[in-house]
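If you want the building blocks of each chain, they are given just below.
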Amino acid sequence: MIWNQHIECMERERMRSLQGERLQEMVERIYHNVPFYRRKLQDEGIEPADVRTIDDLRRLPFTTKQDLRDNYPFGLFAVPQQDIVRLHASSGTTGKPTVVGYTHHDILMWSEVVARSLAMAGVTRSDIIQVAYGYGLFTGGLGLHYGAEKVGASVIPISGGNTKKQLQLMQDFGSTVLACTPSYASFLGEAIREAGMDSSDLHLRAGIFGAEPWTEEMRAEIEGLLGIKAYDIYGLSEVIGPGVSMECSSQRGMHIFEDHFIPEIIDPDTCEVLPYGDLGELVFTPVTKEALPLMRYRTRDLTRLHATACDCGRTLVRMEKCVGRSDDMLIIRGVNVFPSQVESVLLEMNETKPHYLIVVDRENNLDTLEIRVEVEDQFFSDEVGELEALQERIKHNIQSTLGISARIRLVEPRTIERSAGKAQRVIDNRTP
Amino acid sequence: MLIKQLSVFLENKTGRLTEITGILDEHGIDISTFSIADSTDFGMLRMITDDPCRAENILKEKGFAVKTTDVVRLAVPHSPGGLHGALRTLSDNGIAIDYMYAYAAGENAVVVIRSDAPERVMEILRRHGHRFPEPGEND
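For the protein sequence lines, the chains are P and C, in the order given. Sequential numbering of the first sequence, starting at 1, is according to our numbering. Sequential numbering of the second sequence, starting at 1, is according to our numbering.
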């Protein structure tokens with residue numbers, strides 16, 4: 001089902017001209033209301049009147065996460081504080097959190113894009129949706145909540161964690177849709193199995209998972225455990241939160257709601273704009289946002305864009321699953337390593353589960369990589385030799401995927417921390 | 001006779017073994033014998049207890065990776081050549097032993113043998129007049 005046929009199936013040229021008009025308005029607004037942007041534009045010798053079409057976007061300066069930190073907390077807001085109705089903040093791992101604000105109109109726009117997303121997964125007012133994303137400063141819970149209410153579905157605002165209650169309500173209320181992080185979905189799937197239940201005891205049919213990178217193998221595993229079709233939703237709080245893009249039932253990438261969030265792919269080193277199909281860093285300009293309209297915000301996410309027709313009938317540009325966030329990328333002995341690569345190796349093996357922890361350290365000026373993998377009851381042998389052979393197989397597969405060798409350490413089941421939110425997969429002990 | 005052996009996967013961390021003996025103590029489960037095989041990172045605790053089924057459930061509940069395997073429990077005379085006789089019978093019959101461990105109990109020694117064909121081991125040993133301790137005997 002298509003929530004907003006007019007926009008989602010708009011002819012490409014019309015979309016480009018709509019984007020051009022909106023960009024023009026946005027530049028005008030931030031030039032007059034955000035001193036930071038006025039200076040930036042003046043430094044480049046750009047006046048609002050110079051921006052006429054969407055092709056002028058590539059001449060504009062970028063915004064980075066550091067700019068948000070430097071202007072903490074409200075420095076980049078384009079409206080007075082009285083017009084802000086909501087504040088969210090990211091859990092900054094270092095230093096200050098990233099703060100984002102919303103006007104009433106922004107909240108309506110956000111609900112609209114999440115409603116479009118839910119419609120892609122076939123969610124209607126007949127559904128009962130269990131929102132197990134965290135509610136609070138994190139955008140996941142409330143973002144999904146407002147969109148689901150707009151669709152008219154019955155929302156269970158259970159938030160993350162409290163797995164026992166999740167299972168109880170899922171069963172008693174007959175939840176048909178689950179929304180949470182993919183790692184929590186897989187955790188819930190395991191908990192269901194451990195409780196001696198299986199997917200036929202539940203009414204779930206679809207899952208909407210995002211907020212962290214996950215692989216196709218993990219999708220297959222979650223779909224098997226929960227008996228559902230799993231959809232990928234993408235978003236980041238700086239742009240709006242969940243609902244920047246979403247997979248349709250064809251699952252050939254995520255359609256970006258580009259009437260609100262104009263995407264570009266750039267070369268992260270030269271900052272040059274790359275054509276459709278090329279791998280590079282994803283950049284968004286949320287043109288309609290009132291409170292925090294960022295100009296060419298660099299997401300650090302690496303992916304490709306495609307504008308070819310989709311079977312679902314939508315004309316919106318599609319983005320591939322992100323290869324990794326350039327922030328998540330580890331450089332180990334000069335080689336780029338993404339945690340998602342380790343995950344796919346473990347999932348492909350059929351004798352390991354994706355419960356792992358990557359530990360990077362430095363000994364004698366040499367980077368060391370250790371991957372801890374949990375021993376699984378069902379694959380576990382009581383012969384030391386067989387477990388050592390399993391270690392060797394993992395080591396070999398990791399080496400051939402990553403291109404560097406790793407020490408594999410088997411650890412006891414359930415000793416790697418499960419999280420209800422974003423999973424911690426990496427410990428980097430190297431001093432910067 | 002065939003009995004159930006419990007194998008528990010253990011990381012090489014101080015206190016892990018004590019944790020297991022503590023749990024079994026708390027539940028009144030008696031260990032008659034055990035062995036530990038180890039590699040650089042992990043160890044494998046194998047043990048014979050008086051209630052393998054309950055011990056398995058308790059340890060699994062506590063989050064350990066536990067596996068039950070069939071092993072042969074055999075009594076041999078606690079005197080020179082006692083073990084040799086039994087092993088000789090097995091090797092003459094082409095049985096490969098994966099691992100074994102033993103303990104002495106009075107006049108006898110009790111040997112726990114793991115091979116990939118435990119039923120066959122039982123049958124061969126019985127045919128050659130070897131003796132299996134009764135339940136409770138030599139525990």
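Mixed in with the good hints, there may be bad ones.
Claimed, not checked - In silico DSS-like pairs for lysine-lysine, Cα to Cα no more than 25 Å straight-line:
{"id": "1", "chain 1": "C", "residue 1": "62", "chain 2": "P", "residue 2": "353"}
{"id": "2", "chain 1": "P", "residue 1": "353", "chain 2": "P", "residue 2": "395"}
{"id": "3", "chain 1": "C", "residue 1": "62", "chain 2": "C", "residue 2": "4"}
{"id": "4", "chain 1": "P", "residue 1": "165", "chain 2": "C", "residue 2": "13"}
{"id": "5", "chain 1": "C", "residue 1": "67", "chain 2": "P", "residue 2": "165"}
{"id": "6", "chain 1": "P", "residue 1": "229", "chain 2": "P", "residue 2": "96"}
{"id": "7", "chain 1": "C", "residue 1": "13", "chain 2": "P", "residue 2": "96"}
{"id": "8", "chain 1": "C", "residue 1": "67", "chain 2": "C", "residue 2": "13"}
{"id": "9", "chain 1": "P", "residue 1": "229", "chain 2": "P", "residue 2": "353"}
{"id": "10", "chain 1": "P", "residue 1": "229", "chain 2": "P", "residue 2": "164"}
{"id": "11", "chain 1": "P", "residue 1": "40", "chain 2": "P", "residue 2": "65"}
{"id": "12", "chain 1": "P", "residue 1": "164", "chain 2": "C", "residue 2": "60"}
{"id": "13", "chain 1": "C", "residue 1": "13", "chain 2": "C", "residue 2": "60"}
{"id": "14", "chain 1": "P", "residue 1": "65", "chain 2": "P", "residue 2": "321"}
{"id": "15", "chain 1": "C", "residue 1": "67", "chain 2": "C", "residue 2": "4"}
{"id": "16", "chain 1": "P", "residue 1": "353", "chain 2": "P", "residue 2": "321"}
{"id": "17", "chain 1": "P", "residue 1": "229", "chain 2": "P", "residue 2": "150"}
{"id": "18", "chain 1": "P", "residue 1": "353", "chain 2": "C", "residue 2": "60"}
{"id": "19", "chain 1": "P", "residue 1": "165", "chain 2": "P", "residue 2": "65"}
{"id": "20", "chain 1": "C", "residue 1": "4", "chain 2": "P", "residue 2": "395"}
{"id": "21", "chain 1": "C", "residue 1": "60", "chain 2": "C", "residue 2": "4"}
{"id": "22", "chain 1": "P", "residue 1": "164", "chain 2": "C", "residue 2": "4"}
{"id": "23", "chain 1": "P", "residue 1": "40", "chain 2": "P", "residue 2": "96"}
{"id": "24", "chain 1": "P", "residue 1": "65", "chain 2": "P", "residue 2": "96"}
{"id": "25", "chain 1": "P", "residue 1": "164", "chain 2": "P", "residue 2": "395"}
{"id": "26", "chain 1": "C", "residue 1": "4", "chain 2": "P", "residue 2": "165"}
{"id": "27", "chain 1": "C", "residue 1": "62", "chain 2": "C", "residue 2": "13"}
Quick caveat, the hints were computed from the structure, so don't treat them as lab data.
Hint check:
no.	hint	verdict
1	C:62 x P:353	holds, 20 Å
2	P:353 x P:395	holds, 15 Å
3	C:62 x C:4	holds, 20 Å
4	P:165 x C:13	violated, 34 Å
5	C:67 x P:165	violated, 30 Å
6	P:229 x P:96	violated, 38 Å
7	C:13 x P:96	violated, 37 Å
8	C:67 x C:13	holds, 20 Å
9	P:229 x P:353	holds, 20 Å
10	P:229 x P:164	holds, 23 Å
11	P:40 x P:65	holds, 15 Å
12	P:164 x C:60	holds, 19 Å
13	C:13 x C:60	holds, 19 Å
14	P:65 x P:321	holds, 21 Å
15	C:67 x C:4	holds, 10 Å
16	P:353 x P:321	holds, 21 Å
17	P:229 x P:150	holds, 22 Å
18	P:353 x C:60	holds, 18 Å
19	P:165 x P:65	violated, 37 Å
20	C:4 x P:395	violated, 33 Å
21	C:60 x C:4	holds, 16 Å
22	P:164 x C:4	violated, 33 Å
23	P:40 x P:96	holds, 23 Å
24	P:65 x P:96	holds, 11 Å
25	P:164 x P:395	violated, 36 Å
26	C:4 x P:165	violated, 37 Å
27	C:62 x C:13	holds, 17 Å
Of the numbered hints stated above, those contradicted by the structure are hints 4, 5, 6, 7, 19, 20, 22, 25 and 26, listed in ascending order.
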